[in-house]
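Trainee: So the chains spell out like this:
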Amino acid sequence: MNIDAIKKKLEEYYSTVTPEQLIGEFEELGVELVDIPELEEISYSKEYSSFRFQDNDWYNDFLVTTSGDNQHISIPDCYPSDVSSNELSHIDQFAIAA
Amino acid sequence: MEEKTNQIAFSGWHGTDERLALQTVKTNFKESTGEHHWLGEGVYFFTVGIGEPLLHAQNWAILEAFKKRYTKYAVVYAVARVNDDAVLDLRQQAGLDIFNEHRRFVLDIFRKRNKRAKFSLDGKIFKHLRSVAGIELVLKNMYVQLTKEDRIQQVASRIENCTFLCVYNPNKNIDISTISIVKSDKVQETN
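So the sequence lines, in the order shown, correspond to chains G and W.
Each residue of the first sequence is one higher than the one before, counting from 14 in our numbering.
Each residue of the second sequence is one higher than the one before, counting from 503 in our numbering.
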């Protein structure tokens, strides 16, 4: 494996590709992309929780308010991310993959 | 096959239906297509690494016979030759870094556009790496069920028991003159 040569090719690609171009390339490969609902507000219920927060409590169910709809999600629908909001500032940062 | 510089040769053993094996010797391998392949659409071989690749291929062919309903199996040997800059070795930290960085780059763009992939993305990441980085061959240690007992007990494990070679563009990268049947027999319940 010639790691330097592979990295060089990828760095050239990363420096020139636009987001729209990359998304188009994946759609051409047959990837089905769906919208992530825009996050407006999150609240949570302590009952039946199974997720540990930084305050050492456990929570499971979140009420997610998106543009026009409310839905309950559970922790497996969330994934770590660098996205945060005021509502989430006291817990590990994550985004909602509804 | 075209001449290449800095070529590396990899030996592989592929277990299959004997009738397909006889055809493969004459016409070369065809890529397996579909969404469910571990390392994307390509030709899959057991290779030198964990365990005995010929035995793995034999066991795989026997197990698949019950699902695909063939009565004679064969193990096909072949040599793949690719440039060193077309090899992604996921047995090494550097190879895993390449894959993870590329996946991160892609996912970040998806997220910034408020998008996510509806289904598993791994196979498509490999296909994209073929396109943008010229990857022609992937090596990876994996766990697969290789005995009847494994399947009866539905063993699922993250501890690897074999080494896989996935070769893309077989007509370009697999030397047809090296393809040979190294073992064939009736399917029997040996496990």
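There's no promise every hint is true.
Distance ranges between label pairs, derived from CB positions [stated by the list, open to error]: (1) 37/G x 671/W: 18 to 24 Å; (2) 47/G x 529/W: 18 to 24 Å; (3) 616/W x 20/G: 42 to 48 Å; (4) 509/W x 45/G: 44 to 50 Å; (5) 43/G x 690/W: 25 to 31 Å; (6) 48/G x 535/W: 27 to 33 Å; (7) 569/W x 48/G: 35 to 41 Å; (8) 48/G x 678/W: 22 to 28 Å; (9) 513/W x 32/G: 38 to 44 Å; (10) 653/W x 43/G: 43 to 49 Å; (11) 688/W x 21/G: 48 to 54 Å; (12) 645/W x 46/G: 26 to 32 Å.
Covered stretches of chain G (chain W as the covering partner; in silico rule of three or more C-beta atoms under 8 Å from a C-beta of chain W) [said to hold, decoys possible]: (13) 14 to 27; (14) 33 to 47.
Everything labelled a hint here was simulated from the structure, so no lab data went into it.
Please read all numbers here as calculations on a predicted model, not as lab measurements.
In this text, a Cβ means the ideal position worked out from N, Cα and C, and glycines have one as well.
Trainee: Run every hint past the structure and note whether it holds.
Mentor: Hint check:
{"no.": "1", "hint": "37/G x 671/W: 18 to 24 Å", "verdict": "23 Å, holds"}
{"no.": "2", "hint": "47/G x 529/W: 18 to 24 Å", "verdict": "40 Å, violated"}
{"no.": "3", "hint": "616/W x 20/G: 42 to 48 Å", "verdict": "29 Å, violated"}
{"no.": "4", "hint": "509/W x 45/G: 44 to 50 Å", "verdict": "37 Å, violated"}
{"no.": "5", "hint": "43/G x 690/W: 25 to 31 Å", "verdict": "40 Å, violated"}
{"no.": "6", "hint": "48/G x 535/W: 27 to 33 Å", "verdict": "28 Å, holds"}
{"no.": "7", "hint": "569/W x 48/G: 35 to 41 Å", "verdict": "38 Å, holds"}
{"no.": "8", "hint": "48/G x 678/W: 22 to 28 Å", "verdict": "47 Å, violated"}
{"no.": "9", "hint": "513/W x 32/G: 38 to 44 Å", "verdict": "41 Å, holds"}
{"no.": "10", "hint": "653/W x 43/G: 43 to 49 Å", "verdict": "30 Å, violated"}
{"no.": "11", "hint": "688/W x 21/G: 48 to 54 Å", "verdict": "51 Å, holds"}
{"no.": "12", "hint": "645/W x 46/G: 26 to 32 Å", "verdict": "30 Å, holds"}
{"no.": "13", "hint": "14 to 27", "verdict": "holds (count 10)"}
{"no.": "14", "hint": "33 to 47", "verdict": "holds (count 10)"}
The structure is inconsistent with the numbered hints 2, 3, 4, 5, 8 and 10, although it conforms to all the rest.
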